[in-house]
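Protein chains: 2
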Amino acid sequence: MRVVQFRSLRKIILVFSLLLVIFELQAAEPGWGMAIHGGAGTISQENLTPEKERAYREKLTQALTAGYNILKEGGSSMDAVQAAIIIMEDSPLFNAGKGAAFNHHGVNEMDASIMDGKSRNSGAVAGVRLIKNPIKLARLVMDKSPHVMMAGEGAEVFAAQNNVATAAAEYFHTEKRWNALQKVLRHERLEPRMDHKFGTVGAVALDQKGNLAAGTSTGGMTNKRFGRIGDSPLIGAGTYANNITCAVSATGHGEYFIRSVVAYDISALMEYKGMSLHEASNFVINKKLKKFGGSGGVIAIDKHGNVAMPFNTAGMYRGSVRKDGEIVVDIYNK
Amino acid sequence: MRVVQFRSLRKIILVFSLLLVIFELQAAEPGWGMAIHGGAGTISQENLTPEKERAYREKLTQALTAGYNILKEGGSSMDAVQAAIIIMEDSPLFNAGKGAAFNHHGVNEMDASIMDGKSRNSGAVAGVRLIKNPIKLARLVMDKSPHVMMAGEGAEVFAAQNNVATAAAEYFHTEKRWNALQKVLRHERLEPRMDHKFGTVGAVALDQKGNLAAGTSTGGMTNKRFGRIGDSPLIGAGTYANNITCAVSATGHGEYFIRSVVAYDISALMEYKGMSLHEASNFVINKKLKKFGGSGGVIAIDKHGNVAMPFNTAGMYRGSVRKDGEIVVDIYNK
Numbered sequence: 202m203r204v205v206q207f208r209s210l211r212k213i214i215l216v217f218s219l220l221l222v223i224f225e226l227q228a229a230e231p232g233w234g235m236a237i238h239g240g241a242g243t244i245s246q247e248n249l250t251p252e253k254e255r256a257y258r259e260k261l262t263q264a265l266t267a268g269y270n271i272l273k274e275g276g277s278s279m280d281a282v283q284a285a286i287i288i289m290e291d292s293p294l295f296n297a298g299k300g301a302a303f304n305h306h307g308v309n310e311m312d313a314s315i316m317d318g319k320s321r322n323s324g325a326v327a328g329v330r331l332i333k334n335p336i337k338l339a340r341l342v343m344d345k346s347p348h349v350m351m352a353g354e355g356a357e358v359f360a361a362q363n364n365v366a367t368a369a370a371e372y373f374h375t376e377k378r379w380n381a382l383q384k385v386l387r388h389e390r391l392e393p394r395m396d397h398k399f400g401t402v403g404a405v406a407l408d409q410k411g412n413l414a415a416g417t418s419t420g421g422m423t424n425k426r427f428g429r430i431g432d433s434p435l436i437g438a439g440t441y442a443n444n445i446t447c448a449v450s451a452t453g454h455g456e457y458f459i460r461s462v463v464a465y466d467i468s469a470l471m472e473y474k475g476m477s478l479h480e481a482s483n484f485v486i487n488k489k490l491k492k493f494g495g496s497g498g499v500i501a502i503d504k505h506g507n508v509a510m511p512f513n514t515a516g517m518y519r520g521s522v523r524k525d526g527e528i529v530v531d532i533y534n535k
Numbered sequence: 202m203r204v205v206q207f208r209s210l211r212k213i214i215l216v217f218s219l220l221l222v223i224f225e226l227q228a229a230e231p232g233w234g235m236a237i238h239g240g241a242g243t244i245s246q247e248n249l250t251p252e253k254e255r256a257y258r259e260k261l262t263q264a265l266t267a268g269y270n271i272l273k274e275g276g277s278s279m280d281a282v283q284a285a286i287i288i289m290e291d292s293p294l295f296n297a298g299k300g301a302a303f304n305h306h307g308v309n310e311m312d313a314s315i316m317d318g319k320s321r322n323s324g325a326v327a328g329v330r331l332i333k334n335p336i337k338l339a340r341l342v343m344d345k346s347p348h349v350m351m352a353g354e355g356a357e358v359f360a361a362q363n364n365v366a367t368a369a370a371e372y373f374h375t376e377k378r379w380n381a382l383q384k385v386l387r388h389e390r391l392e393p394r395m396d397h398k399f400g401t402v403g404a405v406a407l408d409q410k411g412n413l414a415a416g417t418s419t420g421g422m423t424n425k426r427f428g429r430i431g432d433s434p435l436i437g438a439g440t441y442a443n444n445i446t447c448a449v450s451a452t453g454h455g456e457y458f459i460r461s462v463v464a465y466d467i468s469a470l471m472e473y474k475g476m477s478l479h480e481a482s483n484f485v486i487n488k489k490l491k492k493f494g495g496s497g498g499v500i501a502i503d504k505h506g507n508v509a510m511p512f513n514t515a516g517m518y519r520g521s522v523r524k525d526g527e528i529v530v531d532i533y534n535k
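Chains as they are written, first to last, in my numbering: chain X, 202 to 535; chain L, 202 to 535.
The set of hints was computed from the structure by calculation and includes no laboratory data.
Wrong hints could be hidden among the right ones.
Because identical chains cannot be distinguished in the list, a pair is counted as satisfied if it fits within a single copy or across any two copies.
Said to hold, decoys possible - Below, in silico cross-link-like pairs of lysine to aspartate or glutamate (EDC-like), each with a Cα-Cα straight-line distance of 20 Å or less: (1) Lys488 / Glu254; (2) Lys488 / Glu472; (3) Lys384 / Glu259; (4) Lys492 / Glu472; (5) Lys489 / Glu274; (6) Lys410 / Glu274; (7) Lys410 / Asp525; (8) Lys489 / Glu472; (9) Lys491 / Asp525.
Bound-form chain X, shown alone (with noise of 0.2 Å):
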């Protein structure tokens, strides 16, 4: 009798190790996966067909599959946010490469910028015209540059040193982004105002070998003058990754993501105040950014693969895609 309770309790440990070790070894394991938005704003069932929602989730559905299949290979996380954020730029759904905002003098106008949470390492363009992707270029200024960020003209002379594709104007005009345009002229008469919606595109990953990335990508304002530069192309307020922490790329009412240096608070939370993920991107978001009276949302992975969408606006187009390739789109907020 005594050996048998003996033998059972051996089973006993030996059954509880091994369950301790297969959760050690799956806390270790990096789970990655990559999340992406197509833009935060007054999106809302009534004002959006089913077609055109439909249009939406295969769109966000092809570039989370773009990103997917480069992680899934062992791709890098850089890689694979390039690839989701270049479907989005070449799609005229989304304010971002062909199917930019129109400044006030009817001219698309681009920012970019994308961050690399290994070694920290970054790249932003500003204002520029005829980049078809401007999402490669801000990664050509990374790689074959010293600099983090360039603007305008100086950065269109870097890309045709660079052979970056270009493409004409008329490429990026849509009849939506026109018409928007000359509907806040209109208004622009009477009073000016902002346009609520907001296009921008964004993503955010983390590869197999646990290396984080974000990328974000945006046509700015519909009407902007004056040169105006957003949230999207400036590290640490649009986009910002640290593989200690986590990758986040914003949307939203830039001037506000600015001034609340967004993205990197959202690290810095969670590196000095031991916040998860989750705390920090809903803090800064939905309890910070409100209060201060900015509008938008983040997409957010942390360096354990989680994924966090949180924004203070009616809807945002976004989607996720973990390991085991399940596929998440979503657009309202529930």
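Since the structure of chain X is already known, use the hints to place chain L on it.
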């Protein structure tokens, strides 16, 4: 005997209470004051003639006096910061305004930013060419536009609409900066290299109402190309102010300051880790940034009027003034 003892005790309690009240009043009253910098880098006694050193000391003292007089009269920290920076922009000694560095094409391109710690409103301009005082334009972006940041020609159009003083290209030309460009261009033929003398200017202040402000202005890197933007016009990187923590202005190798979000990081360490201004600013400049490979420094003032001016280079033109009017100006790392 008992009555005497009781009286003595009452006296002791009275004196003790009075001391407590005085101590409390002392602690509650903000010890207003300000600090400025004129750039950090390879500044050593060997390569600075006594005449040059005297000129720098005089100009720093003049800038501090201008800011001090505003604070003493009950003026705002924003006005004090702007006044001190204008004096340094107007001097050919510093790499800002008159005396700005030349870019690769022999053109002066300037950046500036300013932030109000009370409202966290901020304004910034990047890549402006003919604006006499870029810090004034940054302030106008904050006060007269819904935006935080404007760049290039667009910013100059905004300046013209707001009657901001311009100057001809020759005004910004100094032999010193022109020769610096020629020297770098000669070296560039051999191998590209950084010019490790920075001359960015900045100011931080705490006014009698307890409001903090920070501002930074620069001509950027000698021989910069492709519309490169450094940390000076970036809120969170080169400039940050928040009444609950501190005001910071940075100078140094901008790319590292952007990737480290230096100015906001000091504030975050105070807010989230409970560090003092000295601890936070020293940790960021002499530990984190140094380990990361970034050279430069910051000036910072907290909500109690404590001043910190850490730098990890050979020297930093710097100075501070307290509410008693005592001005301290320094250059080298003693």
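We went through each hint and held it up to the structure:
Taking the closest pair of Cα atoms, Lys488 and Glu254 never come within 20 Å of each other, the shortest separation being 29 Å inside a single copy and 50 Å across copies. In this homomeric assembly, Lys488 and Glu472 come within 20 Å of each other (Cα to Cα) both inside a single copy, at 19 Å, and across copies, at 16 Å. In the homo-oligomer, the alpha carbons of Lys384 and Glu259 never lie at most 20 Å apart, since the shortest distance is 28 Å inside one protomer and 56 Å across protomers. Proximity of Lys492 to Glu472 under the C-alpha cut-off of 20 Å is restricted to the inter-copy arrangement: shortest distance 18 Å between copies versus 23 Å within a copy.
Proximity of Lys489 and Glu274 under a CA criterion of 20 Å is satisfied in neither setting, with 39 Å inside one chain copy and 34 Å between copies. Within a single copy, Lys410 and Glu274 get their C-alpha atoms as close as 12 Å, which meets the 20 Å cut-off; across copies the closest is 59 Å, which misses it. When the C-alpha separation of Lys410 and Asp525 is checked against a cutoff of 20 Å, the pair qualifies only within one copy, where the shortest distance is 16 Å, while the shortest distance between copies is 57 Å. In the homo-oligomer, the alpha carbons of Lys489 and Glu472 lie at most 20 Å apart both inside one protomer (18 Å) and across protomers (14 Å), since each shortest distance falls under that limit.
For the identical chains of this complex, Lys491 and Asp525 are neighbours neither inside a copy (34 Å) nor across copies (41 Å), given an alpha-carbon limit of 20 Å.
Hint compliance for this structure: hints 1, 3, 5 and 9 are broken, all remaining hints hold.
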